[in-house]
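Here is what each chain is made of, one letter per residue.
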Amino acid sequence: MDAIVGLAENKYTRLVLVSLLFLSLQTTIFNEMRPFNVCLQVMLLLAASCGLAKGSSTGAVAGFIVGLLYDFVLTTPLGLCAAVFALVAYFAGFAHSFVHESTWWSRSLVASAASAAGMIVLPIAFTVTGAEGVLTLHIFTVAIVVSLFNAAFSVPVEILCRWALKDPAPVR
Amino acid sequence: MAGSSFTRRRAILLLTLTSVLLITLDLRGSSVVNGARSAFGSIFRPIESATRVVTRPVQNAWNGITNYNDVVDENRRLRDLVAYGQGANIAAIATVREAQELLALNGLPTLAGISSCTAQVVGQSPSNFSQTVEINRGSECGIKVGMPVLNAAGMIGKVTNVYNKRAVVMLLTDPGYSLSVKVVNTPPTTTTTTVPGSPSTSSTTTTTTTTTTVPRTTTTTIKGFTPGSTLPVTTSSLAPGVTAPPGTAGPNQPGQNTNTQITVPPGADLPLRETGALEGRGLSKNPVVRFIENTPRFGAISVGSPIISAGGATSLAPPDIVIGTVSKVVKRTGTLGPILEVKLSANLNSLNFVRVLLYQPITERPAEP
Chain A
1 MDAIVGLAEN KYTRLVLVSL LFLSLQTTIF NEMRPFNVCL QVMLLLAASC
51 GLAKGSSTGA VAGFIVGLLY DFVLTTPLGL CAAVFALVAY FAGFAHSFVH
101 ESTWWSRSLV ASAASAAGMI VLPIAFTVTG AEGVLTLHIF TVAIVVSLFN
151 AAFSVPVEIL CRWALKDPAP VR
Chain B
1 MAGSSFTRRR AILLLTLTSV LLITLDLRGS SVVNGARSAF GSIFRPIESA
51 TRVVTRPVQN AWNGITNYND VVDENRRLRD LVAYGQGANI AAIATVREAQ
101 ELLALNGLPT LAGISSCTAQ VVGQSPSNFS QTVEINRGSE CGIKVGMPVL
151 NAAGMIGKVT NVYNKRAVVM LLTDPGYSLS VKVVNTPPTT TTTTVPGSPS
201 TSSTTTTTTT TTTVPRTTTT TIKGFTPGST LPVTTSSLAP GVTAPPGTAG
251 PNQPGQNTNT QITVPPGADL PLRETGALEG RGLSKNPVVR FIENTPRFGA
301 ISVGSPIISA GGATSLAPPD IVIGTVSKVV KRTGTLGPIL EVKLSANLNS
351 LNFVRVLLYQ PITERPAEP
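Taken in sequence, the protein lines are chains A and B. The opening position of the first sequence corresponds to residue 1 in the numbering used here, with each subsequent residue numbered one higher. The opening position of the second sequence corresponds to residue 1 in the numbering used here, with each subsequent residue numbered one higher.
Misleading hints may appear alongside valid ones.
Incomplete in silico selection of chain A near chain B, CB under 8 Å [said to hold, decoys possible]:
#	residue
1	Ala3
2	Ile4
3	Glu32
4	Met33
5	Ser57
6	Ala131
Which chain A residues face chain B? A few, computed with CB under 7 Å, are given here [as the list claims (entries may be wrong)]:
#	residue
7	Leu20
8	Ser24
9	Gln26
10	Thr75
11	Pro77
12	Gly79
13	Leu80
14	Ala82
15	Ala83
16	Ala86
17	Val134
18	Phe140
19	Thr141
20	Val142
Bear in mind the hints are in silico, worked out from the structure with no lab data behind them. Because the structure is a prediction, the values reported are computed rather than measured. Every residue gets a Cβ at the ideal spot worked out from N, C-alpha and C, and that includes glycine.
With these hints in hand, go ahead and build the complete structure from the sequences.
Structure below.
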């Protein structure tokens, strides 16, 4: 029983549960709503927000977990999105560490830049692993639309990530 | 601080190595990875279904806002198409039946002899870089990797992943898709039909003359048969109550003088076929057909020529499945054949019910004991 409670209190367990929720949104509503023929990437938003919320190291691990869950529903090689999302989360945390006085808009800006970078790196990674025809000019449209969307929703998602990844309170 | 940096480097190294390991395992077709994906699908499916139910009103609202005008236009267009299709359907059914009878008579494989499994599309790829859909039938229905998938309009793709109660279908537009196809080209012919006789003629005999002009010269020694040339066809109608004597019907009766002209479709009028490879190019571009030979016999390919699957011992699809029509011909210099852009007959943006043909090429079938 203690083991189950301990597992439930683990920050990465909470992250997995939140990621499953986001993944279900990704494969349903955000799969249907495609502004400018672009599939919005809430899983990428979650990864970038993890980096913003808990810094580059924890963010990279969290981004890896988020990406790995996303890999399970894609037909691309398992581990590819995990690597890219870990990179995005690390970049978001690392870039934000240079901000002297962080504000909501600076966080949104970093989330937006990290998302855009992720949507450029992802097709490059696909190409490296043998996929053809994904490196087209359309990726810039995808990057712009996804980055704008992720900038708009980065603040609430970051709060969610901060809650999910908070360390357990010390036992007295 | 140094310890923190060391931990960070170690974590990043570990993540990188894990990613490389997973990618390698997956690319080598590891059964562990496939099993993990299948297990995750089983766990995730109920969560996704619940979310789909909850978010459906939002999706409907979004579709109502963004697609209302398109739906109205499409509805109007579809009404016209239904009216047109109802007439064409009757003729098509008769033609298909005749074709199937002919194929069966000659011992050739037909689509009617292949078992199939009907499934519904339940989702599409949430990625911007791959074109796949998911269907709600899997290995329990006999579906295997590679099997062709069609809808009412024609081919839509092939199965790439199979689980117990679901399967992933790679669409024709996916850059990873490739299939051997045939392009059916019809040579240019001029047909003139004249029906002599004025309304004042009271004769009961009607004569129809068909003149077919084909740009080539053929010499034959068969008496009374000149393929590709002017072939007068005479049809005489008998008076009511008069029947033809037995043994006189038909052109070639035993012991009969064969001076009468035989009506045989000239070879040049039959549609010519050339094989090529269909390749997907992503959602925003039409697929193309490559490796079409630039042969004079085949002639210039015209826009609108039908494209069907080629079949063969190693092809994953049986022959003669409709894929689409040629929408653009890109000519190339020298002996290189043209590249053909294909307008797919199936609308891949609105897939609902599909049919998986439980077909495997001869080379893939298990050896019979």
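Original post:
Any hints this thing doesn't respect? Which numbers, in order?
Top reply: Of the numbered hints given earlier, those the structure breaks are 1, 2, 18, 19, listed in rising order.
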